[in-house]
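Since chain C is already given, all that's left is putting chain P on it; use the hints.
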Amino acid sequence: MTADKPATAGRLSILSLASSNLFGLAAIVAVFWAIFVSLTPNIASSFSLFAISRSLGIDIVVGFSTMVVLATGGMNLAIGSIGVCAVMFAGYLMQELGVPSPLALLAALMLGAASGWANGVTIVTTGANAFVVTLASASLFFGAMLITTHGTPFEGLPPELADFGRMRWGFVSPMLALALAIGVALAILFHFTALGREILSVGANTRAARMSGVRVGRAIVVAHTLSGLLAAVAGLMTMARLGAAIPAIGRDWLLPSFLAPVLGGTLLSGGAVSIGGTILGALLIATLRAGILTLQVANFWLQLFLGLVLLCSVALDRYRGGYLERKSARVRA
Amino acid sequence: MNTRLLEKEWPALAVAIALGFGFLAATSPAFLTEFNIYVLLRSFCISLLVAFSQMTTLAVGQLNVSIGALGGLVAIVAGGLMEKLGVPIGVALAAGLALGALCGFVNGVLVTRTGIDGFIVTLATASVFDGINLGITKSIPFYKMPAALVAFGTARFHALPYLLIPPVLAAIALAIFLARTSLGRYLLAVGGNPQAAELSGVPRARIIVLAHSLSGFLAAGAALLALAQLGSAQPTIGSDWLILSFAAPIIGGAALGGGYVSVLATALAVVLLTLIQNGLVLEQVDPFWVEFLLGGLILAAVGFDRLRAARAGGG
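The listed protein sequences correspond, in order, to chains C and P. Numbering of the first sequence is given in the working numbering, commencing with residue 1 and proceeding in unit increments. Numbering of the second sequence is given in the working numbering, commencing with residue 1 and proceeding in unit increments.
So that you can see chain C by itself, here it is in the shape it has in the complex (with noise of 0.2 Å):
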């Protein structure tokens, strides 16, 4: 897995390709939400909609924190363990502490930032596969949060979160405003910046980048971190919703986290991430899991259409790499 891969394709044929990706998913998305609408009516109401956007900002800054490092070609496990740390550390700071609000959360973005930069730090320097590492780390964190809090949530929290957790801007809430500015902030990050090139160019071709001068190491530990701050900040998110810190946030976090940005067409052996394509693979999932709540007729068989969608996006994004490689094979030629 730690192998070095052929460089792929170029840029223009990336860009394509994502678009016409793109329209296929939103064509699916749409098909969806016309069934739903003809079977339940409610699924379009005000509230419902609203409740829609709020988990759909949650489920897009999950699959952002993911997709970055997928960029690399790296994975990271340990999202929804950093995100719960992140929680019940503010939780802690606010009500134990009496820490104000923004400071506490701020501290959280902290420690969920430190959290991916340490595993960033140890993949570089063991050389080991990022999946061990993550995998070791989220029993870690996970471990160090029961340890640390007993498993007790912190209900006494400021008003204010649980306030922004309710506020509504029509049908939508701030929460999708605040993960669409994250994925402008992503996208600056990846098309015009040094540094989003080179996340993306150890992705494509580690042994390239090290020859080109591209510090490798730094490039995952950077992506490490952000992928930290993105999962702490989605924890966050979610204890706005609650209006709680509660230990099981995160828990449901792994699936959906891969789910989005590869339904959105970020290629899992890294070099290429799609910002719109994994807001279109969350709303993907936002839908599907809305739809089958409103319709509360299979609530149990959710999990089965998940692994589904996955399975057969996984499908299609291989056929995608084919097509991928013949293309640049004749870009070349």
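No lab work stands behind these hints, which were simulated from the structure alone. We put the CB at the ideal spot given by N, CA and C, even for glycine. A hint or two may mislead.
Said to hold, decoys possible - Partial list, computed: chain C residues near chain P (C-beta under 8 Å):
id : residue
1  : 135
2  : 300
3  : 307
Same frame as chain C, but now just chain P:
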């Protein structure tokens, strides 16, 4: 691979186990009682099969994150067959094992046919297995297991639970399979260097499918042991297997990239992990430490491996 064979893991593990054993025997009077050893061995049997299940996929250089979900599904189906349909125990257990192998087979076919990373495939199938499990049970366990099965689950000869028999047989069979049969060597060859193996005429895709099927079969075995031990088919069986399944083979020196696994060292790693869990209970340490220590041990094993590789490279 040769340098790894020269530097075996098991002596270090044996020393760690001896130290832990000595420490617990000296500090905790309850440790050496017959009942405690029996309890310890009971959790050992399930963990051993879980570790072997992951070990067989690691041998070919694959990851299987669906082991727990697969185990949960097998336990539910076997339990449901016995409770709802009155299927005889033997038939239900055989059906469970067959289902496990089939689920593993599906994993293997998806991996080899689509060329998708094994991690993503098994992440998706884990969700599918979990989904079917929840869909069937609605989170409600099957409680009425046949008396003979429950009796087997608690039967013991002094400190030795009868449940120990299947995993010990599996360990011996696996050791012989990997070391002495050509098919077993193929498994390691595919993990060690897929291209070289394919050029030497090893059917790579079929070997990967075989490894996944075997992994599913072993996970099903662990699930059925858990079923007998608990006396009910809980939908949550397997939900805490993931970290353990990787911890034991990795501490036992398995190479994540494939090509090297050790049945003995993996088994000793499971002994060590079981001992640690038992010790934490006896010393009345916060049970939350278990998860933390598992993560720490994996990282330590990874760091140790790195150190050894660096030394081997330097020397």
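Original post:
Going back to the hint list, which numbers does this structure go against?
Top reply: Violated: none.
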